[in-house]
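Asks: Next come the chains, spelled out residue by residue.
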Amino acid sequence: MEAAHKKEPGKASVFSDYDHSNFYYGAGEDPLNLLAPFSDWYAEALPKGYYLYSEPLQSAPDTRVLVRNRKTGEVKDLINLASYNYLGISYRQEVKDAAIEATRAYGLGASGSPILSGTFEVHNELARAVASFKKKEAAILFPTGYSANVGFISSIMRAGDHIFCDQYSHASIVDGAILAKSKTVFFRHNNPLDLERKLNGVRGKKLVVVEGVYSMDGDVCVLPEIVEVAKRHGARILIDEAHSTFLFGPNGRGVAEHFGLDDEIDFHLGTFSKSLGGQGGFVCGSQDLIDYTNAFARSRFFSCNLAPMLAAGLLAGIRIVENEPQLRARLWSNVAFLRRRFAEEGIDIGKSTSQVMPVMVNDDPKVFAIAEKIQDRGLFLQPVTYPAVPKHKSRLRVSVSAAHSEDQLETAVQVIASVLREEGICRA
Amino acid sequence: MPGLTRYGYREVIGGFFEFPTENARRILPAHIEPVELHHGTSIFAMNVFDFTESMVGPYKEAVMAVIVAPLVKPGEKLPKSAFYPYLVATTTRAAREHAIERWHLPHWMNDVEIDFEPGPERLTARVRADGSPVADMTITEHSWKPVSHLYQSFMRDSDQTYLAHITMEGKQSEHEDEKGALTLYDHPFNQALMISEVYETPFRELWMRAGMQTFEPLVELETA
Chain A
6 MEAAHKKEPG
16 KASVFSDYDH
26 SNFYYGAGED
36 PLNLLAPFSD
46 WYAEALPKGY
56 YLYSEPLQSA
66 PDTRVLVRNR
76 KTGEVKDLIN
86 LASYNYLGIS
96 YRQEVKDAAI
106 EATRAYGLGA
116 SGSPILSGTF
126 EVHNELARAV
136 ASFKKKEAAI
146 LFPTGYSANV
156 GFISSIMRAG
166 DHIFCDQYSH
176 ASIVDGAILA
186 KSKTVFFRHN
196 NPLDLERKLN
206 GVRGKKLVVV
216 EGVYSMDGDV
226 CVLPEIVEVA
236 KRHGARILID
246 EAHSTFLFGP
256 NGRGVAEHFG
266 LDDEIDFHLG
276 TFSKSLGGQG
286 GFVCGSQDLI
296 DYTNAFARSR
306 FFSCNLAPML
316 AAGLLAGIRI
326 VENEPQLRAR
336 LWSNVAFLRR
346 RFAEEGIDIG
356 KSTSQVMPVM
366 VNDDPKVFAI
376 AEKIQDRGLF
386 LQPVTYPAVP
396 KHKSRLRVSV
406 SAAHSEDQLE
416 TAVQVIASVL
426 REEGICRA
Chain B
121 MPGLTRYGYR
131 EVIGGFFEFP
141 TENARRILPA
151 HIEPVELHHG
161 TSIFAMNVFD
171 FTESMVGPYK
181 EAVMAVIVAP
191 LVKPGEKLPK
201 SAFYPYLVAT
211 TTRAAREHAI
221 ERWHLPHWMN
231 DVEIDFEPGP
241 ERLTARVRAD
251 GSPVADMTIT
261 EHSWKPVSHL
271 YQSFMRDSDQ
281 TYLAHITMEG
291 KQSEHEDEKG
301 ALTLYDHPFN
311 QALMISEVYE
321 TPFRELWMRA
331 GMQTFEPLVE
341 LETA
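Chains as they are written, first to last, in the numbering used here: chain A, 6 to 433; chain B, 121 to 344.
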């Protein structure tokens with residue numbers, strides 16, 4: 006029998022009939038049997054759109070970026086709407102200088118676990134700076150945001166405990182819950198009523214996990230309602246502010262500060278890779294909490310510590326955030342501008358109220374062709390499709406930066422609108 | 121292909137609903153693994169058929185199932201989904217006896233009533249057994265396109281586990297807009313489910329029209 010994932014004679018394509026979820030299970034007793042069916046499908050998927058993923062950058066993730074097209078090999082200068090770097094900090098001269106100086110002093114990496122030989126003074130300085138910025142007693146660093154969720158959740162929750170996660174939770178939250186071996190319950194996205202239904206009658210240790218800004222939809226957590234429900238049921242609350250730390254709230258501390266709920270949240274987690282454009286994660290709280298996390302967060306102490314040069318660059322980045330609140334003002338001005346222009350052009354951005362804006366295509370077969378056209382016309386912007394988002398909810402995910410000029414954003418709107426109109430996705 | 125069994129249908133609606141993996145494991149034989157949507161969350165599927173032609177005449181059928189890991193063999197077509205139907209109900213005795221004899225499917229042993237109620241861009245199936253309601257499921261419409269999809273169905277009787285390859289052809293609407301609905305009633309028919317733990321809204325809705333369901337001959341599986 007002809008393998009279905011290979012192109013069959015007389016059929017135009019089977020690319021859109023299959024996706025990653027079809028290749029989870031394989032035949033026989035050899036794990037390598039998983040490879041061949043996926044490879045056959047991927048060979049067709051790659052030229053039809055998957056080449057748009059992991060295209061190698063040839064310059065800093067600034068508002069314009071040089072990108073090598075994986076299909077043609079051509080390097081293009083594109084307006085960058087794909088990188089995080091929400092405050093445009095990662096390529097600032099003082100950040101690069103700090104990282105270079107630390108590289109000269111310490112070399113390439115930490116060369117050790119943070120609990121053994123891998124902690125440098127610059128790590129401690131960075132942790133103190135984060136704690137101070139977040140107005141918490143202490144902070145602990147992780148090598149990535151992923152490891153922060155995995156390590157922290159599994160350090161405080163155990164088998165027999167209950168973890169309640171939003172259904173759109175990041176994979177790192179889900180993986181942390183799996184590692185904790187707790188009973189994991191998912192509530193409907195941003196739905197406190199469903200959370201209440203799930204919490205009813207549950208006894209023992211309970212943790213509710215939410216995100217400040219959800220990364221695929223750009224909507225903000227309905228934190229006041231979630232906190233009210235969680236507290237009434239005696240549950241502790243963890244907020245992952247990966248996409249909101251350094252951006253939301255009067256002082257940029259995050260969505261918890263934005264809602265005036267900083268002190269109501271038990272565990273504050275964040276990353277350095279989004280707003281600062283760097284790498285790493287952190288948890289803030291009491292000194293007791295941080296000491297316990299230091300002792301039990303396996304993803305941290307079984308990893309090499311953050312490179313000292315990264316810690317130095319991040320420290321410089323935090324100083325910029327503290328000293329230049331106008332960066333946040335500039336970001337929110339750009340967000341407002343783009344929201345208004347998208348609305349004027351009839352472009353659907355779903356429920357986004359943040360710097361993450363999904364341009365909804367809602368047509369899975371078309372989304373790659375649309376993304377290809379958009380890149381051909383000068384924008385670096387990537388498609389997101391099933392199974393990362395529900396079927397027929399395919400989209401292009403826009404990341405707005407404080408560093409974008411209005412001219413760049415206007416150009417982006419015009420390119421996106423023209424392509425979506427040509428493809429019949431938005432009104433003429 | 122010799123030995124194919126065909127069933128023509130007017131309408132088929134199906135919903136995928138989240139429910140606890142612990143519930144799924146209680147339903148499944150030990151060697152069949154539930155697919156998890158999230159950690160701890162598996163998939164309950166309800167499908168309701170309006171068959172217009174078959175070797176036992178027209179009838180309607182409701183199938184309660186768990187979505188399970190498929191059995192994939194080198195070079196063979198990959199299924200869209202794999203089901204373990206744990207309870208099937210039909211509107212005629214002939215259909216029931218046929219499906220038990222040929223497909224080893226576990227059945228509710230009395231005739232049931234199944235009504236399809238069309239609405240604007242939606243279709244509702246109401247299932248009643250022994251005079252009281254069992255389930256109401258509403259599936260909503262998206263864009264339609266002709267498809268030919270392979271599914272797998274695992275069956276287990278007292279002696280043996282079986283696998284059926286089933287091809288569904290027809291016009292299909294499929295989406296994940298979460299607009300449909302499911303009401304499960306407190307009825308012996310639903311005793312395998314922790315009703316309060318089954319989501320009332322399907323995360324995936326399927327609707328097929330005017331097509332053909334084709335069963336390949338049953339395969340006996342070796343199990344440890």
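Hint data in this document are derived by calculation from the structure and do not stem from the laboratory.
Keep in mind that a hint or two might mislead.
Said to hold, decoys possible - Derived DMTMM-like pairs (lysine to aspartate or glutamate); straight-line CA-CA distance at most 20 Å:
id	chain 1	residue 1	chain 2	residue 2
1	A	Lys210	A	Asp224
2	B	Lys299	A	Asp199
3	A	Lys186	B	Glu153
4	B	Lys193	A	Asp35
5	A	Lys186	B	Glu156
6	A	Lys188	B	Glu261
7	A	Lys236	A	Asp166
8	A	Lys396	B	Glu298
9	B	Lys200	A	Asp22
10	B	Lys265	A	Asp45
11	A	Lys101	A	Asp267
12	A	Lys356	B	Glu138
13	A	Lys236	A	Asp267
14	B	Lys265	A	Asp22
15	A	Lys396	B	Glu261
16	B	Lys200	A	Asp45
As the list claims (entries may be wrong) - A few chain A residues facing chain B, derived, Cβ under 10 Å:
id	residue
17	Tyr23
18	Phe191
19	Ile354
20	Lys356
As the list claims (entries may be wrong) - Far from chain A, by Cβ distances over 10 Å, these chain B residues were calculated:
id	residue
21	Ala150
22	His158
23	Thr161
24	Ala189
25	Val192
26	Glu233
27	Leu302
Don't be surprised by glycine CBs; every beta carbon is placed ideally from N, CA and C.
Asks: Does the interface hint hold: is Ile354/A within less than 10 Å of chain B, judged Cβ to Cβ?
Replies: At 17 Å from the nearest chain B Cβ, Ile354/A fails the 10 Å test, so the hint is violated.
Asks: Identify whether the interface hint at Phe191/A stands, where standing means a beta carbon of chain B within less than 10 Å of its own.
Replies: Holds. Min distance 5 Å.
Asks: Does Ala150/B really sit off the interface, with its C-beta more than 10 Å from all C-beta atoms of chain A?
Replies: 18 Å, holds
Asks: Taken at face value, is the distance from the CA of Asp166/A to the CA of Lys236/A at most 20 Å?
Replies: Satisfied, since the Cα-Cα distance of roughly 16 Å is no more than 20 Å.
Asks: Classify the label on Leu302/B as holds or violated, using whether its beta-carbon is more than 10 Å from each beta-carbon of chain A.
Replies: 15 Å, holds
Asks: Sort out whether Asp199/A lies within 20 Å of Lys299/B, counting only the CA atoms.
Replies: OK: Lys299/B and Asp199/A at ~16 Å, within 20 Å.
Asks: Would you mind confirming whether the straight-line C-alpha gap from Lys396/A to Glu261/B stays at or under 20 Å?
Replies: Measuring from Cα to Cα gives roughly 13 Å; hence the hint holds.
Asks: Is the hinted pair Lys186/A and Glu153/B satisfied, with a Cα-Cα distance of at most 20 Å?
Replies: 19 Å, holds
Asks: If we take the beta carbon of Ala189/B, is the closest beta carbon in chain A still more than 10 Å away?
Replies: 5 Å, violated
Asks: For Val192/B, which was marked as not at the interface, is the minimum beta-carbon distance to chain A over 10 Å?
Replies: 5 Å, violated
Asks: Is the Cα-Cα distance between Lys193/B and Asp35/A 20 Å or less?
Replies: Given that 20 Å is the threshold and the Cα spacing comes to 12 Å, the pair holds.
Asks: Tell me if the straight-line CA distance from Lys356/A to Glu138/B falls inside 20 Å.
Replies: 24 Å, violated
Checked against the numbered hints above, the structure breaks hints 1, 6, 10, 11, 12, 19, 20, 22, 23, 24 and 25 and satisfies the rest.
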